[in-house]
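S.K.: Here is what each chain is made of, one letter per residue.
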Amino acid sequence: MPLVKGGARGSDTSGDLTPQRPALDSSDAESRWAAARALAGHAEAVPELAAALGRETVPRVREAIMTALMRIGDAASVEAMLPSLRSQDAGQRAAAIESLQALPEAIAPFMAPLFGDRDSDVRLLATELARNMKAPDATRLLCELIEREQHPNVCAAAIDVLTEVGTPEAIPVLEKCAVRFAETPFLPFAISVAIARISGAEG
Amino acid sequence: MPITPDDVQRFCEFLYRRTGMSFTQSKRYFIDHRIEDRIAATGSSSFQAYFSLLRADADHEIEHLINSFTVNETYFYREDHQLRCMTSSMLGAIAALKPPGGTIRIWSIPCSTGEEPYSIALWLMENWPEVDNYNVEILGSDIDTRALQAAAEGIYGDRALMRLSRDIVTRYFKPVANGNHQIDEGLRGSIEFTRVNLIDAQDMARYRDFDLIFCRNVLIYFDDASRRQAAENLYDCLRPGGYICLGHSESMSRISPLFSVCRFPDAIVYQRPEADHG
Amino acid sequence: MVEVVASAKARVLIVDDSSLVRLYYRSALEKAGFEVEQAINGIEAMERTLSQPFDLVIVDVNMPRMDGFTFVRALRRIATDVASLPALMISTEAEVQDVAAARAAGANFYLVKPVSEAELVRHVCVLTGAAS
Numbered sequence: 067m068p069l070v071k072g073g074a075r076g077s078d079t080s081g082d083l084t085p086q087r088p089a090l091d092s093s094d095a096e097s098r099w100a101a102a103r104a105l106a107g108h109a110e111a112v113p114e115l116a117a118a119l120g121r122e123t124v125p126r127v128r129e130a131i132m133t134a135l136m137r138i139g140d141a142a143s144v145e146a147m148l149p150s151l152r153s154q155d156a157g158q159r160a161a162a163i164e165s166l167q168a169l170p171e172a173i174a175p176f177m178a179p180l181f182g183d184r185d186s187d188v189r190l191l192a193t194e195l196a197r198n199m200k201a202p203d204a205t206r207l208l209c210e211l212i213e214r215e216q217h218p219n220v221c222a223a224a225i226d227v228l229t230e231v232g233t234p235e236a237i238p239v240l241e242k243c244a245v246r247f248a249e250t251p252f253l254p255f256a257i258s259v260a261i262a263r264i265s266g267a268e269g
Numbered sequence: 007m008p009i010t011p012d013d014v015q016r017f018c019e020f021l022y023r024r025t026g027m028s029f030t031q032s033k034r035y036f037i038d039h040r041i042e043d044r045i046a047a048t049g050s051s052s053f054q055a056y057f058s059l060l061r062a063d064a065d066h067e068i069e070h071l072i073n074s075f076t077v078n079e080t081y082f083y084r085e086d087h088q089l090r091c092m093t094s095s096m097l098g099a100i101a102a103l104k105p106p107g108g109t110i111r112i113w114s115i116p117c118s119t120g121e122e123p124y125s126i127a128l129w130l131m132e133n134w135p136e137v138d139n140y141n142v143e144i145l146g147s148d149i150d151t152r153a154l155q156a157a158a159e160g161i162y163g164d165r166a167l168m169r170l171s172r173d174i175v176t177r178y179f180k181p182v183a184n185g186n187h188q189i190d191e192g193l194r195g196s197i198e199f200t201r202v203n204l205i206d207a208q209d210m211a212r213y214r215d216f217d218l219i220f221c222r223n224v225l226i227y228f229d230d231a232s233r234r235q236a237a238e239n240l241y242d243c244l245r246p247g248g249y250i251c252l253g254h255s256e257s258m259s260r261i262s263p264l265f266s267v268c269r270f271p272d273a274i275v276y277q278r279p280e281a282d283h284g
Numbered sequence: 024m025v026e027v028v029a030s031a032k033a034r035v036l037i038v039d040d041s042s043l044v045r046l047y048y049r050s051a052l053e054k055a056g057f058e059v060e061q062a063i064n065g066i067e068a069m070e071r072t073l074s075q076p077f078d079l080v081i082v083d084v085n086m087p088r089m090d091g092f093t094f095v096r097a098l099r100r101i102a103t104d105v106a107s108l109p110a111l112m113i114s115t116e117a118e119v120q121d122v123a124a125a126r127a128a129g130a131n132f133y134l135v136k137p138v139s140e141a142e143l144v145r146h147v148c149v150l151t152g153a154a155s
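Protein chains in written order, with the working numbering: chain A, 67 to 269; chain B, 7 to 284; chain C, 24 to 155.
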């Protein structure tokens, strides 16, 4: 019978079971990956993880660092990931958004500054962070943004999130937004769909 | 209370984003009923209230919801297109890199009551001409120790065996009490059953060097954070170039970018990259 | 609204994580006679392009798990004809370097959001060779 009872580890054991101090600054990506994974949940490692994030170029190591920070999930972890929102690398920005999105309570104090950021790209990305918040909080934050936002793409991003999480309180703000951007492509369509979804059983 | 078409759209968009599941227009009436059932089951006062609960995944509502949409009973040769893919495509690539008599390691996690790991074993013996040329190690793991006990016992009713030919049942099973069948002792003895928590990195760190992992119909129920953790763990459990198969409604697009998409004739599966592209 | 008829229903894959954007593009393109499929990010897009034939893929940039640039680069590395699938990148970024980066990744054309229905249909017709 060709079936052989196997154990947990294969016969060619690569890698050490007993960890030395993980090396986040190793020149080897595999070591940095293992190091980042080992530090998940270790709140004291945030400064080290933040520094590593600032210099990491290998996407999966970067994501492992962010997973580690996400698992720690405190204000310091959030602060460590915020600079990634300004990265030129779309993958890095998206990875940061995903990790931060999973921390709706920790990210809450940072929302107003993010929505007031001078960079429209940062404001746009930040709208995604409201997606996992409770409906009333997300609605309030996104409506505040929309009311003063000049950039159509930032409004579009906010409207997209509101389509999922918005409460009927958002409708007057959306209607005013539709008037402001009546001549802009896409936005009138987006707003009419958002209002229809939000109204749902009420409408 | 009635659910409006916009409520259904909102629900479908959420479900699609979260799980990748989508429905054609013809399935819409079916969805209405499922949502109404869940609204009633959760004691929600309205669709809005239910939707908030769903978004927050309160009381594992995502799991209850998905279970109400899908047939989630386990049986032998379930999703056999992936077993076919194993013998038609994946094993060829895996075996090509092994010496004669080399070891091929396959993991079924979660294995539940054993139908999946035993199915893998049966399928290999019945359908892989090369099976005698390698040492095949099959492991089955689950977080549920009672399921593992049942798996080790290997006793199944007719429903679990419904996809197996009469011939296979006769050759690999023997009748036992209550109209059940027990799988061959040799097979029972050749599969290692262990308790593992997919999300626990320490637990998972004890498992390495797998060529093929079946991780079907569990990740879809996890929240984002747990899915990422599980994906990282599974990555480390695979050899570079090793494959991982998900359930038919699942996609790595909702889980993790760690794995490459492999399109084989019988199935889409995922692969840990061979080398670090960076 | 420019009336357009596509010959033999060209197939377009829309890749964008915004359900509103996908709805908007889909409605415009279906009206213009195209057959449309969707994906929410680059990984799902890869699954679709490897499973079904398309004449064009429309790709957003900012998407979770696999962004548009990574997808187009991966698309161009596929070892079959799928690698030459025309890709229209539609992004919020308008700088010269963003367009250059899109070209370098392998995109055939680049548009800046928000895109009007007419503009979208016009470009899709050109890139799929549909009559207009």
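Hints are computed from structural coordinates only; laboratory data are not their basis. Check before you lean on any hint, since a few could be wrong.
[Stated by the list, open to error] With a cut-off of at most 25 Å between alpha-carbon atoms, the simulated DSS-like pairs for lysine-lysine come out as follows: (1) C:LYS54 with C:LYS136; (2) C:LYS54 with C:LYS32; (3) A:LYS200 with A:LYS242; (4) C:LYS136 with A:LYS242; (5) C:LYS54 with B:LYS33; (6) B:LYS104 with A:LYS242; (7) B:LYS33 with A:LYS71.
[Claimed, not checked] Examples of chain A residues toward chain C, derived with CB under 8 Å: (8) ALA95; (9) ALA116; (10) ARG159; (11) CYS209; (12) PRO218; (13) ASN219; (14) ILE225; (15) ASP226; (16) GLU249; (17) PHE252; (18) PRO254; (19) ALA256; (20) VAL259.
Backbone N, C-alpha and C define an ideal beta-carbon position, used for all residues, glycine too.
S.K.: Can we keep the A:ALA116 interface hint, with Cβ of chain C closer than 8 Å?
M.R.: 22 Å, violated
S.K.: Would the hint on A:ASP226 stand, with a C-beta cut-off of 8 Å toward chain C?
M.R.: Nearest chain C Cβ about 5 Å off; hint holds.
S.K.: So if I understand the rule, the pair passes when the alpha-carbon distance is 25 Å or less; does C:LYS54 with C:LYS136 pass?
M.R.: 20 Å, holds
S.K.: Report holds or violated for the interface hint on A:ALA256, using the least CB-CB distance to chain C and a cut-off of 8 Å.
M.R.: 5 Å, holds
S.K.: With 8 Å as the cut and Cβ atoms as the points, is A:VAL259 at the interface with chain C?
M.R.: 6 Å, holds
S.K.: Assess, step by step, whether the Cα of C:LYS136 is no farther than 25 Å from the Cα of A:LYS242, and give holds or violated.
M.R.: Between C:LYS136 and A:LYS242 the Cα gap is close to 21 Å, so the pair holds against 25 Å.
S.K.: Min Cβ distance, A:PRO254 to chain C: is it shorter than 8 Å?
M.R.: Hint on A:PRO254: violated, closest Cβ of chain C at ~10 Å, above 8 Å.
S.K.: Answer holds if the nearest beta-carbon of chain C is closer than 8 Å to that of A:PHE252; otherwise answer violated.
M.R.: 4 Å, holds
S.K.: Would the hint on A:ILE225 be counted as holding, given a Cβ-Cβ threshold of 8 Å to chain C?
M.R.: 7 Å, holds
S.K.: So, A:ARG159 near chain C? Judge it on the closest CB pair being under 8 Å.
M.R.: Holds - the Cβ of A:ARG159 comes within 8 Å of chain C, reaching about 7 Å at its closest.
S.K.: Quick one, is the A:ASN219 hint okay against chain C at 8 Å, beta carbons?
M.R.: It holds, given that the least Cβ distance between A:ASN219 and chain C is near 5 Å, below 8 Å.
S.K.: So if I understand the rule, the pair passes when the alpha-carbon distance is 25 Å or less; does B:LYS33 with A:LYS71 pass?
M.R.: Judged against 25 Å, a Cα distance of about 45 Å means the pair is violated.
Checked against the numbered hints above, the structure violates hints 6, 7, 8, 9, 11, 16 and 18; every other hint is satisfied.
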